[in-house]
Amino acid sequence: MLVPPHGGRLTDRQYEGSEAEDIIKQVKNSALLTLNAREKNDLEMIGNGAMSPLEGFMCGTDYESVIDLMRLAAGPVWTLPVVFAQKKGDPDVSPGDHVGLKDVEGTIWGDMQIEDVFQADLIAEADKTLGTIDDSHPGVMYLNTLSGTYIGGKIRSIRRRKTESFQNYRLDPKETRVLFRARGWKTAVAFQTRNPIHRAHEYIQKCAMEIVDGLLLHPLVGETQAGDIPPDVRMRCYEEILKDYYPRTRVAMSVFPAAMRYAGPKEAVFHAILRKNYGCSHFIVGRDHAGVGNFYGTYDAQMIFDQFDPDELGIVPLKFEHAFYCSKCGGMATPKTCAHDNEYHIFLSGKKVRAMLIDGILPPPEFTRPEIASILMEAARKGDN
Amino acid sequence: MKGLVIWIRTEDGSDEAILDKLGTEIEERGGRVEVFHSKAVENLGMEKNDKAKAVACAMLASHGVVVITSGAENPSIKSGEKLEIRIIEESDLFNTAIHDSFIRDLELAGLVPAPKYDVHPDEEKEILRKLQDLGYLDD
Chain E
-10 MLVPPHGGRL TDRQYEGSEA EDIIKQVKNS ALLTLNAREK NDLEMIGNGA MSPLEGFMCG
50 TDYESVIDLM RLAAGPVWTL PVVFAQKKGD PDVSPGDHVG LKDVEGTIWG DMQIEDVFQA
110 DLIAEADKTL GTIDDSHPGV MYLNTLSGTY IGGKIRSIRR RKTESFQNYR LDPKETRVLF
170 RARGWKTAVA FQTRNPIHRA HEYIQKCAME IVDGLLLHPL VGETQAGDIP PDVRMRCYEE
230 ILKDYYPRTR VAMSVFPAAM RYAGPKEAVF HAILRKNYGC SHFIVGRDHA GVGNFYGTYD
290 AQMIFDQFDP DELGIVPLKF EHAFYCSKCG GMATPKTCAH DNEYHIFLSG KKVRAMLIDG
350 ILPPPEFTRP EIASILMEAA RKGDN
Chain P
34 MKGLVIWIRT EDGSDEAILD KLGTEIEERG GRVEVFHSKA VENLGMEKND KAKAVACAML
94 ASHGVVVITS GAENPSIKSG EKLEIRIIEE SDLFNTAIHD SFIRDLELAG LVPAPKYDVH
154 PDEEKEILRK LQDLGYLDD
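Those protein sequences? They're chains E and P, same order as listed. With the working numbering, the residue at position 385 of the first sequence is 374, and numbering never jumps. With the working numbering, the residue at position 90 of the second sequence is 123, and numbering never jumps.
Chain E on its own, in the form it takes in the complex:
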């Protein structure tokens, strides 16, 4: 039996076909509110159940509880606010109103039954959830663009498959759950990434695969910051490596359409809970997971899990060190398993790899498999990374 969804059951508030058309008709004469890129990602993930038990954008009670206690008001662990901000130029709304939700181009993506309109202290939110109010943090930069008024209430989201990227890899939580069962997996580990796959990732994934039935490769394809490798390049890398280096029946790849918040430790827990909803029993947490710059301590994203009772989290974090190739060991290792000095370790920073690729130099095969290096080099030549 797979791990149950967070809060007990999967939310299902996603509609398509004639049901979606009905929603569009219903909001035709209602006020329309504008989704920004993050909110659009969140709407999709609330609708498809990835953010269960959320049924909509948070109201004030949940928001306060989450930023102060890392829990929803009803009790389950939840570490980051999922909120909808009032936008300049949008109509004023009140609790009880039924509104449509549109993107900046005017396409309707869902609706919301408004239950709460509340003022938030965005500095306090930044401090409590991101651990900083420094304007150079991308999460703080995002908050600085908001008005400070949030609108909460249950949503319905509209699925428009034809417009989706990575259509063949877009599995909802109920779909990954059915997939795991069909493959006979009782346990599965999720690997979250916003980077192309290098040998170190492969090593960590395969270590995790030794203790569970299957691996869910779950690259994040929602909004990220400029400078991150684009999702299509990362996906090409994964498609390539899956051809020859992983047992097909023990790996599944699907995209994770969430926006990055760069909230470090709190986002690590958030990512884990969402993967639990996809049916995963384990989640790989590397050093500085979901971190940015030097805002978080190396092990903060791993240590935060110790603040919760394992049963209430319901997903096991697998905490990994940075992996590298050790020329003296003659294989991949981590500081936990290798006795040799750094001089024997082959490890390159992302920055260094990017510089090599731009200069037309392939990273060593001990760092990146040649097939992957070729894809990255081609992308670098085209200016994709």
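Bear in mind the hints are in silico, worked out from the structure with no lab data behind them. Hints may be right or wrong, so weigh each one.
[Said to hold, decoys possible] Taking beta-carbon pairs under 7 Å as the criterion, some of the chain P residues facing chain E (in silico):
| no. | residue |
| --- | --- |
| 1 | Leu141 |
| 2 | Leu144 |
| 3 | Asp151 |
| 4 | Pro154 |
| 5 | Glu157 |
| 6 | Ile160 |
| 7 | Leu164 |
| 8 | Leu170 |
Cβ coordinates follow ideal geometry from the N, Cα and C atoms, glycine included.
Chain P: place on chain E using the hints.
Chain P only, in chain E's frame:
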């Protein structure tokens, strides 16, 4: 699981079938349920009033049982460390949205088990077909 008393408030005595229906719903999820009908108070030789009923229900619930009962007034007992009292108007149980929301809150608080399946069996078949089409089940 913390003990729970679901107290259905009703002006003129609840239809006991309503209590039984809610009991069955929670029992089918794997919860330990005791439906405490008004007659039970008499059968236990207790005084037939809401106060006596509330005390008996609290004692039952303190053993980790979900106790469902009804009363004309709010119960005299209060929620505590080992016991949760949740009150709902009888008429609200007939409103699907309020009923679902009431049960959902109990699930989130860990007071009643969630439904046994994560994907409805009928939908599961449809999803398997989609996964087949996408090539996920080729092996």
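Now for the hints, and whether the structure bears them out:
With its C-beta approaching chain E no nearer than about 4 Å, P:Leu141 sits inside the 7 Å limit, and its interface hint holds. Violation of the interface hint for P:Leu144 is found here, the shortest Cβ-Cβ separation to chain E being roughly 10 Å, above the 7 Å cut-off. Look at P:Asp151: its Cβ gets to within about 5 Å of chain E, closer than 7 Å, so that hint holds up. Evaluation of the P:Pro154 hint against chain E yields a violated restraint, the C-beta minimum of about 10 Å exceeding 7 Å.
Checking P:Glu157 against chain E by beta carbon gives a least distance of about 5 Å; that is within 7 Å, so the hint holds. The closest approach between the C-beta of P:Ile160 and any C-beta of chain E is roughly 4 Å, which is under the 7 Å cut-off, so the hint is satisfied. The criterion of a C-beta within 7 Å of any C-beta in chain E is met by P:Leu164, whose closest approach is roughly 5 Å, and the hint holds. Here the hint on P:Leu170 is kept, as its CB sits about 6 Å from the closest CB of chain E, short of 7 Å.
Against the hints set out earlier in the document, violations occur for numbers 2, 4.
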